[in-house]
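Given these sequences and hints, build the entire structure.
Read top to bottom, the protein sequences are chains R and S. Counting in the working numbering, the first sequence runs from 1 upward without gaps. Counting in the working numbering, the second sequence runs from 1 upward without gaps.
The list makes no distinction among identical chains, and a pair is therefore deemed to hold if it is satisfied within one copy or across any two copies.
Derived lysine to any residue pairs resembling SDA-like cross-links, with alpha carbons at most 25 angstroms apart:
| # | residue 1 | residue 2 |
| --- | --- | --- |
| 1 | K256 | K289 |
| 2 | K178 | R136 |
| 3 | K248 | E365 |
| 4 | K256 | G287 |
| 5 | K289 | I253 |
Worth flagging that the hints you see were computed from the coordinates, not collected in a lab. Computed from a predicted structure; not experimentally measured.
Protein chains: 2
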Amino acid sequence: MIHGRRSSFSDGDLSVDDRDLCWLALHLLFHGPSAATRRIASRFAAVTDVFRAAGADFDGLRLDGAAVEAIITGLAIDRAGLEMEKIGRKAYTLLTLDDPGYPGYLREIFDPPFVLFCEGDAETLRNPTVAVVGARRPTPYGRAVAEKLASDLAGRGCVVASGLAAGIDACAHRGALKTGRTVAVLGSGLDVSYPWENRALRREITERGAVVTEFPLGTPPLAENFPVRNRIISGLSLGLVVVEATRKSGSLISAKLALSQDREVMAVPGNVTSELSSGPNGLIRDGAKLVASWEDVAEALPSPWRENLLARRDEKEENSGASLSPDELRLLDELPIDAALPIDELAERTDFSASSLLALLLGLELKGAVVQHPGKEFQRRM
Amino acid sequence: MIHGRRSSFSDGDLSVDDRDLCWLALHLLFHGPSAATRRIASRFAAVTDVFRAAGADFDGLRLDGAAVEAIITGLAIDRAGLEMEKIGRKAYTLLTLDDPGYPGYLREIFDPPFVLFCEGDAETLRNPTVAVVGARRPTPYGRAVAEKLASDLAGRGCVVASGLAAGIDACAHRGALKTGRTVAVLGSGLDVSYPWENRALRREITERGAVVTEFPLGTPPLAENFPVRNRIISGLSLGLVVVEATRKSGSLISAKLALSQDREVMAVPGNVTSELSSGPNGLIRDGAKLVASWEDVAEALPSPWRENLLARRDEKEENSGASLSPDELRLLDELPIDAALPIDELAERTDFSASSLLALLLGLELKGAVVQHPGKEFQRRM
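Here it is in structure tokens:
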């Protein structure tokens, strides 16, 4: 891991002995791992050997002529040096494939990125991680479940990975930040703020977790980057939970990627009448583990993570009355503790709209403050 | 199968050659199949032989002395004769274990009832059957899904079996009656009207399906009868679908029974925040097939039923605009076809309560008249 690389470049000595620099050069030159880089790796024992090689050493590798020239002339290393300088200036961190701090699970996938650009605490990447992903426009149900699941997992030492997208991703990060740590994986360069609406959330993640990407500085959030990014989200993780997703959503592609990486695929079921639950329900139909609580996630993980997490089953729930919002507290005041109240009556007693009332009640239910009885009747529990 | 038995008793000749009478006598004497009747069956080749036997023939079978006496003296046959007379008077039907009309699948279970008392068309029992069961106090979601599922299955020639209880059972029967046939299995005698609230529904089932029970006339709906009754619901069926159920409900016992009978167990998932979906979700977690539509049920059935049902995939949906209720039509009028309307706005435009609005929208959605977008926004489709 390299912190503040500026000092090492101040003397202008861009040595090809610097493995990190070589990895970065290779990464920038070939835009990440590819068939070409796999052919290179099959010929050279160390990444530094690539940049010490002569033109003839690349014969038969079917590389682009310009790429070979950039390697031979030192242009590739120079470019990498400039990128490294920018990284240092921003106080970002670089993790390369053979760095001990590089996430172990990610290293095992078919095409691990050569470098990860990292903002925040790269140590976060060394903890057991579970990915929680889903729709960009979820229902209040999906939001509430994602947040609760992430908070329950993070509170027990499990890092929650997601994609910083609007919707479920943001809820997962937010939930995790309540009790522990989270990793956001971007589909753009670290210096690109996307999506704009999550910039405050991203600041929080940087302070108490990590934001990572394999895309060099300045890379815009192109649509084609996201499937590539998704393989890192699941690659980092022991398993992937899909919370809400339509039948044709990117989250289902993520689930397929996770499966191909031999990761546990999990999904939160939902009403079959909800378009946004058709994705997770379909995954479960096809064999994904059904997840209704963090314990279900723990049960699905490989040993020893499974046992480690389940050992924390009896710890107190993090969400106590103290974490209720003013609206939630106001609503709670209207609820009787000795009987259940139909939602219609609640609507009459308060000035909340029907949908915000439902969302609030759902949140209170997940926090254990309210219990729902059949027929949409609600009762206070605390 | 015996219709209007009265004529055969008018001469007072209660012959022990009458196999049906013997089955009924055995059934009444031992209150259905038991260890004692299994011991009897292991000694006598035919049921009629039991009632022709002498006292010594029962030695070593460890039978109750009074039972042996009732057999020897002819008292058991006399009692059966009286019951048969009552059955004839009510125009009920009796199906015995070796009757060709006795449901084949039920005959294969460990403890098939010796007789089935039947009201309505006993032919219904000869069709491929799927059981749909669930909570007595379901949510509008559960009601809508049960009714739609039953209607879709029945419309394709699959009989829907259930228990005539309030809630999901009633919805399943009602849905099936819209398009096809249904069987209600009681936990009481045929002449007992229970539950009272479903008496009109029961009349409909009698006219266009069958009501069956193994309990003799006059048997009250004792709590202990229902698990016994549940084995018939699943025993009659190729598979059992649980729609909504709490974690400790009788429906989960039914599911276990069905599993022990080697029947396909299926469940409709639901939001993990709904107590009433915890049962089905738990079943799915434990290996039950996830059911979101009738096609999922068909896929789970054994051949050739699977292929027979799926062949009817392209048939027109039974629920067209014509079957919409006045309330549904009124609500539909308020919905735009070119954009989605948030539920709050719908609530303002109409005078429906929040919960009835949701139930109506759910029904319309299931009928394909409305599509739901994320954020509880609804759009007209027809």
